Amino acid sequence: MNGDLRTVGDSDRAVGQHESGQQHAGPGGGSARARRFPTAAPAEDSKLAVEIRTLVERGEMDEARERFGELVAMHQRRASRIAFQYLRDAAEADEAVQDAFVKVFTHIGSYREAWPFEVWFTRILINGCLDRRKSRARRDKWVVAGDASLADEARASAAASRDADPERKLLARERREKMAAAIDRLDGRQRTVFMLCHFGDCTPKEVSAMTGLNESTVRVHLFRAARKLRGLLGGKP
Amino acid sequence: MRRTHHLHDERLFDCYVAARAGDAIDPPSAEHLADCDDCAARYTELVQFMDAVRAEGESESDAIFTPDRLRAQQQQIARRIEHVARPARVLSFPGQFVRRTISASTSRTAPRWVAAAAAAGLFIGIAVGASFEWETRVREAQQTLARGPQVRRPAMFAAGSTRAASASDAADDAFLNELELALERPRTRELVAFDEFTPHVREVRDQQ
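In order, the protein sequences belong to chains A and B.
Residue numbers 1 to 237, in our numbering, belong to the letters of the first sequence in order.
Residue numbers 238 to 445, in our numbering, belong to the letters of the second sequence in order.
Just so you know, the hints here were simulated from the structure itself, not pulled from any lab data.
Computed from a predicted model, the values in this text were never measured in an experiment.
Even for Gly, the Cβ is constructed at its ideal location relative to N, Cα and C.
Some hints could be false.
Stretches of chain B that chain A covers, calculated by requiring three or more beta carbons in the stretch to come under 8 Å of a beta carbon on chain A [to be verified]: (1) 249-255; (2) 285-295; (3) 310-319; (4) 407-417.
Isolated chain B, as found in the complex (with noise of 0.2 Å):
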């Protein structure tokens, strides 16, 4: 038997929704889709449709999580759990002072106490540190200025060694320039024998 009004795609769907979910399709429309056969092929397309999109989700997912993997969530959520309406253990510290402080019952003075001496401790190593470098220091000044006259002379009136000074101040430039040399030199391994090679601008200036 032909209709002339074929089912619309939301009664369509209500179908679909009102069968997986185990109730009774409207009775019309049943009655329509057993007697249209355009109808039912369109609700059986919908149907294989949404099946399929489930079937590939669930499919997916279940891939994905595993027993194993179901199995160490619900240990992780285990282990979450655990603590919940758990009170949180405080870390005493320094834990011996604190225990017996604390079965002295002064648990809320001793770590003012502890604070206290650490900050006396610590002011009176710096104070004691200053102090001897200050004294040190003022020491030294004194012996300068005792030996001022005699270290000083030497150099004023030794114009005697005035060759000795000469000399040991060309020994220091080379020195000083052995260390330029060194410093512009390239520092890795592979460059050094390039750098051999190759004419620095000191030796070219020194030739000219």
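Pulled out of the complex, with its shape left as it was, chain A reads as follows (with noise of 0.2 Å):
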């Protein structure tokens, strides 16, 4: 899998690729979130993932597609929010997820236990959705850009909102594109580290094991994130 983890592309380091070459963080803190991580017992996604490979292993691919579908409900929502915070177009993200999903069956074998599994699989998306970002801003380089991510915002102010007043979806609306184009100008990094943090749910160490960035350093890509978010946006999102 390590293939897969590579490159982000602009400003954005190489997802995976340690700043201090270990492959993963240190030990799990006091936190229960922190739990996941190696030196406690791994969380209940990581061991359907290692059931998963050796079902793989024995040739027992039917018990293993049926498990997968397990672990495919388990990260599905959390992956689409983040792919869709990325990518901002439903069907790009959607493609995203089922690609991330994908690869993650097809190179099931070379997971390892010690890995948080929602880690390993949030690197793969990560990468999965930099690379559609980059081919995208090459794309738009030549091709006037679609609407594509227009219907997506009106379908979902329309789904958000539907029994909302006109105003109100209106103001909504106008609040999250303003959001996502102050999301979007976030520095490479940044704004990785707070779609994990902040969409992902993850925390600053599992954002650590994920870019190979130091945690200290995640902290603070993640205040200054934050720090200019709030004066794009005014101090209101």
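If you follow the hints, you should be able to join the two separate chains into one complex; please do so.
Structure, rendered in structure tokens:
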């Protein structure tokens, strides 16, 4: 799987290339979330991933696929959220999530239980999203952008506030557009860190393991991202 | 109790991150927050801002990725991994023939044999067609040569039929004129009526 964990593009640094050269973060701290880390007992998803790997190695593919469905169900919503915030296009985010899961299943043999599954999976997802962003930027140089994201925005605001009054709908839509534009203006690393911490519900320690950045660097990026966002949004989202 | 030094923004943010991760806030900072109203207000504002950003983002993506859509996505993933680790099925062509040859364990030579036969058939077909066409041409040429003087004679020596020939020439001219007129006329049905009213160059020229 390491082959997939590389470049970030733009000003992003390679996701998965550790500054310290270590493969994953150190021992888990006292937090409840940090318990997913190597020294502690593996989380449910990590156990499941190990089971799937064993099944695949035994050649019991049907059973492996069935169990993999459970794993997908566990991470799907979070993954879609991260991918959507990254790509701002529902169809593309959908594809990115699918690709990430298919890649996980294809490379499940290289999964090591020492890694929390969530970290491993998120790295794959983020790399896919970054690749898509890069290719989109390349494409946008030559092609006039479509209205996919606008359609998504409209669908989102319509679905979110179906019974709300039009003024509120419009305000919500404006707010989202403003927020998305502000997040898009963040520096590559800051955006990655902010997305993972904020929309991916990851701790700085987990983000450190995913991105290969030091935990203190993650904290600095996160702080700068939040400060910049507050400046761009005028203190209000 | 008033403090002279307030907590730096970075420290406040660390407090927020620690609280979100479920960690204990750094004791000196926690103590300061408890004592200093200004810092407590700044902290509350920060927490409100960050929570609002997250809530906004989450509600937006949750509105797009509805349970139905997630279910469809899950099915799509299941469909895509269905073929993982399964050897690809090779479709043989032509089906019957290859199946027979595979059972006779000559699978590698059969396609070559088929290709060779097809090429030979094509070559023979082209050769036969070409020779037939050639023969027809030769036969026609021979017939023309044999008939040649008889055919040419009436054209050269039929002086009596000059009037008939000029009549046929006039008929040909009229026919060609009609053709030209038809081509000049607009093809759109709606414009034909306008065309009828419009004088044509040809008519004006003829009148002059």
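Open item on the list: Tell me whether the statement that chain A covers the stretch 285-295 of chain B is true, taking a Cβ distance below 8 Å and needing three residues at minimum.
Closed with: holds (count 8)
Task: Given coverage of the stretch 407-417 of chain B by chain A, checked by CB-CB distance under 8 Å (3 or more) - done: violated (count 0)
Open item on the list: So is the stretch 310-319 of chain B in contact with chain A by the C-beta rule, three or more residues under 8 Å, or is the coverage claim wrong?
Closed with: holds (count 8)
- [ ] Closer than 8 Å, Cβ to Cβ, for at least three residues: run that test on the stretch 249-255 of chain B against chain A and report holds or violated.
- [x] Three-residue rule met by the stretch 249-255 of chain B, so holds; n is 3.
Of the numbered hints stated above, the single one contradicted by the structure is hint 4.
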